[in-house]
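Turn these sequences into a full structure, and let the hints guide you.
Given next are the chains, with one letter for each unit.
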Amino acid sequence: MVGIVVVSHSQKIAEGTVELAKQMAADVKISAAGGLEDGSIGTDVSRILAGIEAVQTGDGVVILVDLGSAVMSSEMAIEMLSDGSNVKIVDAPIVEGTIFGAVQASIGASLEEVINVLAGTKSYKKF
Amino acid sequence: MATKAEVLDFIRIYADKMAEHRQELTDLDQAIGDGDHGINMSRGFKAVMEKLPAVENKSIDEILKTVGMTLVSTVGGAAGPLYGTAFMKAGMSTKGKEELSNEDVILAFDEAVGGIQFRGKAVRGEKTILDSMIPAIDAIKASIKEGKTMAVALVEAEKAAWNGVEYTKTIIATKGRASYLGERSIGHQDPGATSTAYAFQAANEVAQKAGK
Numbered sequence: 001m002v003g004i005v006v007v008s009h010s011q012k013i014a015e016g017t018v019e020l021a022k023q024m025a026a027d028v029k030i031s032a033a034g035g036l037e038d039g040s041i042g043t044d045v046s047r048i049l050a051g052i053e054a055v056q057t058g059d060g061v062v063i064l065v066d067l068g069s070a071v072m073s074s075e076m077a078i079e080m081l082s083d084g085s086n087v088k089i090v091d092a093p094i095v096e097g098t099i100f101g102a103v104q105a106s107i108g109a110s111l112e113e114v115i116n117v118l119a120g121t122k123s124y125k126k127f
Numbered sequence: 001m002a003t004k005a006e007v008l009d010f011i012r013i014y015a016d017k018m019a020e021h022r023q024e025l026t027d028l029d030q031a032i033g034d035g036d037h038g039i040n041m042s043r044g045f046k047a048v049m050e051k052l053p054a055v056e057n058k059s060i061d062e063i064l065k066t067v068g069m070t071l072v073s074t075v076g077g078a079a080g081p082l083y084g085t086a087f088m089k090a091g092m093s094t095k096g097k098e099e100l101s102n103e104d105v106i107l108a109f110d111e112a113v114g115g116i117q118f119r120g121k122a123v124r125g126e127k128t129i130l131d132s133m134i135p136a137i138d139a140i141k142a143s144i145k146e147g148k149t150m151a152v153a154l155v156e157a158e159k160a161a162w163n164g165v166e167y168t169k170t171i172i173a174t175k176g177r178a179s180y181l182g183e184r185s186i187g188h189q190d191p192g193a194t195s196t197a198y199a200f201q202a203a204n205e206v207a208q209k210a211g212k
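Heads up: the sequence lines are chains S and X, in that order. Using the UniProt record's numbering, read the first sequence as starting at 1 and increasing by one per residue. Using the UniProt record's numbering, read the second sequence as starting at 1 and increasing by one per residue.
Just so you know, the hints here were simulated from the structure itself, not pulled from any lab data. We put the CB at the ideal spot given by N, CA and C, even for glycine. A few of these clues could be false.
[What the hints assert, rightly or not] Mimicking BS3-like on lysine-lysine, the simulated pairs with C-alpha atoms at most 25 angstroms apart in a straight line are:
(1) S:Lys88 x S:Lys29
(2) S:Lys125 x S:Lys22
(3) S:Lys88 x X:Lys121
(4) S:Lys88 x X:Lys175
(5) X:Lys175 x S:Lys122
(6) X:Lys148 x X:Lys4
(7) X:Lys121 x S:Lys122
(8) S:Lys12 x S:Lys122
(9) X:Lys209 x X:Lys145
(10) X:Lys148 x X:Lys121
(11) S:Lys88 x S:Lys122
(12) X:Lys121 x X:Lys169
[Stated by the list, open to error] Quick list of simulated restraints, FRET-style, between CB atoms:
(13) S:Asp38 x X:Gly187: 30 to 40 angstroms
(14) S:Asp27 x X:Glu99: 32 to 42 angstroms
(15) S:Pro93 x X:Ser101: 46 to 56 angstroms
(16) S:Ala26 x X:Val55: 41 to 51 angstroms
(17) X:Val55 x S:Glu53: 16 to 26 angstroms
(18) X:Ala142 x S:Gly84: 55 to 65 angstroms
(19) X:Arg124 x S:Tyr124: 48 to 58 angstroms
[To be verified] Listed next, the stretches of chain S that the computed footprint assigns to chain X, with coverage defined by at least 3 CB atoms under 8 angstroms from CB atoms of chain X:
(20) 45-57
(21) 72-83
Dropping the structure here:
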């Protein structure tokens, strides 16, 4: 199963997004990597690294990010993996992307399929 | 050249400066960014100071890599991956060294700035760290090439870094959160360029103390 990591500057956003996604896809491999260890606002490469390792089954991992250093910190975490070739940061809205990604992953979609669906969430119309 | 003791001294003095100028860096960031640069840098270097005793007897590359790894996990903002990459790259270029020749110092700076450019996908003139770092490194290279000592080179480097900081007031930010402000970022001094200038100030102070 494709794993999902939610990277936000805010621990609450990351955990809340994971909570929402689990409501749709309870058995999905998903982890929250939000904020710093002490709970303050920021992104932490080692928390992201641990988040990836927690959900990697070999089928690949997508990372959803909020903004700014979330991207740079995620890139660094991927570089630190012995093989980060199937770990991808996707440019998608963090909440909607996580939910759609979780649903796709839970029905057994491949990494490529999950990435394709997430690419479409940028133009998703809410009403 | 630089001994291991001087490298450690540089890290400690830089950490002190990040604590001392915490409010100033935060105020600069509040004007054009998310207002956390001073808080983030002082938190990161406080964590570095806690880690330093465990590695201070190891080789210079181990020390620099530990600084980098600590920063990427504790700074929190974009400065974490940027400064973290700089220290890690500098570390990789000094593998196994117990002291650094002038050539080693220049290589470490080159690797550090290359790491920042790679990580931030920025070039000079975008109101970033690079606007004080690149001129400072160029000044070191020019001075050493003229046969001057590292102590003299670092005086020139600090001067060039602060000139770079002044230059950031005149340009538009196109990277990071300051870029959301567009032209309104003109007139403001870049916080990242400023925290980098303090690194060269710290290096300069270490060199003057060593007198070489």
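Comparing the hints with the structure gives:
no.: 1; hint: S:Lys88 x S:Lys29; verdict: holds, 15 angstroms
no.: 2; hint: S:Lys125 x S:Lys22; verdict: holds, 22 angstroms
no.: 3; hint: S:Lys88 x X:Lys121; verdict: holds, 18 angstroms
no.: 4; hint: S:Lys88 x X:Lys175; verdict: holds, 22 angstroms
no.: 5; hint: X:Lys175 x S:Lys122; verdict: holds, 22 angstroms
no.: 6; hint: X:Lys148 x X:Lys4; verdict: holds, 21 angstroms
no.: 7; hint: X:Lys121 x S:Lys122; verdict: holds, 23 angstroms
no.: 8; hint: S:Lys12 x S:Lys122; verdict: holds, 23 angstroms
no.: 9; hint: X:Lys209 x X:Lys145; verdict: holds, 22 angstroms
no.: 10; hint: X:Lys148 x X:Lys121; verdict: violated, 33 angstroms
no.: 11; hint: S:Lys88 x S:Lys122; verdict: holds, 17 angstroms
no.: 12; hint: X:Lys121 x X:Lys169; verdict: holds, 21 angstroms
no.: 13; hint: S:Asp38 x X:Gly187: 30 to 40 angstroms; verdict: holds, 35 angstroms
no.: 14; hint: S:Asp27 x X:Glu99: 32 to 42 angstroms; verdict: violated, 56 angstroms
no.: 15; hint: S:Pro93 x X:Ser101: 46 to 56 angstroms; verdict: holds, 51 angstroms
no.: 16; hint: S:Ala26 x X:Val55: 41 to 51 angstroms; verdict: holds, 44 angstroms
no.: 17; hint: X:Val55 x S:Glu53: 16 to 26 angstroms; verdict: holds, 24 angstroms
no.: 18; hint: X:Ala142 x S:Gly84: 55 to 65 angstroms; verdict: violated, 39 angstroms
no.: 19; hint: X:Arg124 x S:Tyr124: 48 to 58 angstroms; verdict: violated, 39 angstroms
no.: 20; hint: 45-57; verdict: holds (count 3)
no.: 21; hint: 72-83; verdict: holds (count 4)
Of the numbered hints given earlier, the model fails hints 10, 14, 18 and 19; all others are met.
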